[in-house]
Amino acid sequence: MRRRLRRLLRVPAMAGGAALVAVYLTAGLLAPWLVPYDPDEQDLMAALQPPSRAHWLGTDDLGRDLASRVIAAARVDLAVVVVGILLAVVIAAPVGLLAGFVGGRTDRVLMTVSDAALTFPSLVLAVVLVSLFGAGLRSVIVAVALTAAPALARLIRSLVLQTAHLEYVDAARALGAGPGRLIARHVVPNIAGRVIVYTTLMGSYAMLTVTALGFLGLGVQPPAAEWGNMLATTRTYLATAPWLLAAPGAAIIGFIFGLNLLGDALRDLFDPKLLWRP
Amino acid sequence: MKTRLAIAVIVAATLLWPYAAGAQTDRPLVYAQNVPVTAMDTAGTTIGTVYPAGYEAMFLIYDNLVAFNDKMELVPQLATEWTVSQDGRTWTFRLRRNVTFHDGTPFNADAAIFHLQRQIDPQTNRANRPLWDPLGGAGTVRKIDDFTIAITTEKPYGPLLNTLAHGSGGVVSPTAVRRLGEGFARAPVGTGPYAFERLETGTELVLRRNDAYWGGRPAYSRVVMRHVPDPTTRIALLQSGQVDVINLIPPENVAQLQGHPNIDVITRPALRTFGFAFNLNRRQFQDVRVRQAFNYAVNRGPVIKAIFKDFATPIDSPISPNAVGYVPVGTYPYDVDRARTLLGEAGWRPGPDGVLRKDGQAFEITLLTPIGLLPKDIEVTQAFQNFLRVIGVRATINRVEPAAFWDFLRVPPDRLQWDMVLFGFNPSNGDGGYHLTSLFESNPTRTGPPKVWNFTWYSNPRVDQLLGQADATVDAARRRQLLGEVARIVWNDAPYVWLYAENVIVAKRKEVKNVEVLPVIFTILRNARP
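Here the protein sequences line up with chains A and B, keeping their order. Counting from 1, one number per residue, gives the positions in the first sequence under this note's numbering. Counting from 279, one number per residue, gives the positions in the second sequence under this note's numbering.
Each hint should be verified, as a subset may be incorrect.
[To be verified] Keeping only pairs whose Cα atoms sit at most 20 Å apart, straight-line, the calculated DMTMM-like set for lysine to aspartate or glutamate is:
{"hint": "1", "chain 1": "B", "residue 1": "K583", "chain 2": "A", "residue 2": "D43"}
{"hint": "2", "chain 1": "B", "residue 1": "K583", "chain 2": "B", "residue 2": "D613"}
{"hint": "3", "chain 1": "B", "residue 1": "K791", "chain 2": "B", "residue 2": "D542"}
{"hint": "4", "chain 1": "B", "residue 1": "K587", "chain 2": "A", "residue 2": "D43"}
{"hint": "5", "chain 1": "B", "residue 1": "K729", "chain 2": "B", "residue 2": "D685"}
{"hint": "6", "chain 1": "B", "residue 1": "K349", "chain 2": "B", "residue 2": "D742"}
{"hint": "7", "chain 1": "B", "residue 1": "K583", "chain 2": "A", "residue 2": "E41"}
{"hint": "8", "chain 1": "B", "residue 1": "K421", "chain 2": "B", "residue 2": "E432"}
{"hint": "9", "chain 1": "B", "residue 1": "K433", "chain 2": "B", "residue 2": "D411"}
Hints in this document: simulated from the structure, not taken from any laboratory. Model, not experiment: these values are computed from the prediction.
Excised from the complex, chain A in its bound form (with noise of 0.2 Å):
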């Protein structure tokens, strides 16, 4: 395993997508420390100053600096990202194995839940929720929650009909093992892993999710920086402050590329199929 890593992390792209996650993740774990100022603090008489010395990536139309508000918003984008994707798989692990495990009607009703949600288009459904629960912090979680929720589901699902009924299983079924030892020491082991993989590749649609509700105006709410209302709030600076743009568009674009790049590794890192490969 240790050594596999090592590998793949000598192949540029991965090593790359890998790299920039980590970049992401204590730009957002550190932001407090590692802002130059205070992202909400405004200074009329120096707002839209083009990039300098001082601001390094300019100032927005309420002269706060960008820079910090660019690495204060990865903090609320992330976390909102991370703990929802969290909270997808706690609803659905226990849907998934529920009905791969036991089957027959269970399986169907929840199966038909799932489907149900998933024939919306996830932004739509998520703006219906955010609209149900209004525009906040906690309703983005939970849109971004209930949005990768069902396809979850059913990954862990399939996944659990592939596991369960492999020999190993059947050999601890035959020693009397009970459902819930089966389901903890033989199927979630051997399905963890293509759950990881999936859920990394899941959080570049969350961020998507997020950002795109936070540029409709129903994410986090000013003066939070938030990448998605950072957009919003300056689009119309395009033609004469283009950087406002700019730096927040590259940082949702930058995250979703390294996410991709890191997912893609985690894939090959963790599918049998490629178990055999020098």
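On the provided structure of chain A, position chain B as indicated by the hints.
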């Protein structure tokens, strides 16, 4: 060779012909608006009129008895001349002859009276009550002959002509109103230069030329009013020539448009004044020192410079310097120390986190603002939030969709869900008295929504009394004095954090002439021509 040349000429001529021949008459005039036209009835029915789009459409469909020109002077329209009696109570209007409504109904004294009575009666007109109520009560509207009418008011009513020139003063076809009932709002009939053709709610309104217009044949075969909510899109449409006129241009885009060879930018100081309204039902805001402290805490200069690029003016009265009845009444200079002192006197002391506290309660409030409805609404709200932070008040912003915004204001006092709200009122008849009455006259009852826009629930008997007197005064100087007194009292009572008066910023293609922009925010296209 010659044949080939001839063919080339014919092909080129065929291709270019539509531009050469059709440009004059058949191209519609397209106006991209920030909000959609929803209803076009002068009497507010159950379908609300969205401001300013609805009135801009109504100014094309209807004629008023009296109208504003672009200097806000009153000029004849369907009334050709008028006189007022010595006691200031009876106004006599001579009406224009040979005018017909789009549906063929003739315009005459009966039609004018039908319109006036429909506007005056609160049963048939629920909107703009402060404008029409003074014509009600014991007032009468009567016919003298087929083309002369007389309006008598219970008490002298100074701004009567302003009311007639207001968007709700458009004269409606009595036949169409009777036939369509509530449906009239979506199929309006007037005498104006352009007649209603079709409405795609939320998307666009199409008007067609009224060939029989009494004022001469209008220039365009059609006028299209299109809803384009995003300012960047409006600007792109104008730059690419897909639309001819756009409104509500963000100040930061003005320079860019001014540099464009085919575009004119029109800016006018507007009558709309902005402020953050206090919810006076909240205990912390019942102390006038707190409200004044908030006023001292805001540095208006940088807000106007940074956010509005100087396309706004700080106000020194609740009403705009360009409104009828304006006198300057005071200023709240930026003075954080004074703000802190006033808050201290009111019992608010900073806690360990810098947030003010009184009786163990932290000073935390909510700021309500729409997004994209008022100019720079969310930016101004963030700036204001920051000014409050400096004096130790923690404010959270609650931003709402433009369409939902009004419902947060028009509710009984116990159902208000905000502590302060960004609001701008535009006295669309040009009269400061209307402005002050709409915002500061006591509401008749606390069980229903505010009568007009007094959603702060401000109430001062002295103000009510002076407003009544001002309404009944025809003499301009005396009226100005009374309104000045009202403005002074309200200014010092500070039910608002007073901010600025905006500039209206409209842009058009150079080839479109005679686009009028009124200080009351309306863009009037009735005289526009190529």
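Outcome of the hint check:
1. Restraint check: the Cα-Cα separation between K583 (chain B) and D43 (chain A) comes to about 12 Å, which is no more than 20 Å; the hinted pair holds.
2. Taken as a hint, the K583 (chain B) and D613 (chain B) pair is honoured in the structure, with Cα atoms around 18 Å apart against an allowance of 20 Å.
3. Restraint check for K791 (chain B) and D542 (chain B): satisfied, since their Cα atoms lie roughly 10 Å apart, inside the 20 Å limit.
4. Proposed proximity of K587 (chain B) and D43 (chain A) is supported: the alpha carbons are some 15 Å apart, at most 20 Å.
5. Taken as a hint, the K729 (chain B) and D685 (chain B) pair is honoured in the structure, with Cα atoms around 14 Å apart against an allowance of 20 Å.
6. Restraint check for K349 (chain B) and D742 (chain B): the C-alpha separation of about 30 Å exceeds 20 Å, so the hint is violated.
7. Straight-line distance between C-alpha atoms of K583 (chain B) and E41 (chain A) comes to about 18 Å, which keeps the hinted pair within the 20 Å bound.
8. Using a Cα cut-off of 20 Å, the hinted pair K421 (chain B) and E432 (chain B) holds, with the two alpha carbons roughly 17 Å apart.
9. About 11 Å separates the Cα atoms of K433 (chain B) and D411 (chain B), which keeps this hinted pair within 20 Å; it holds.
The structure is inconsistent with hint 6 alone, although it conforms to all the rest.
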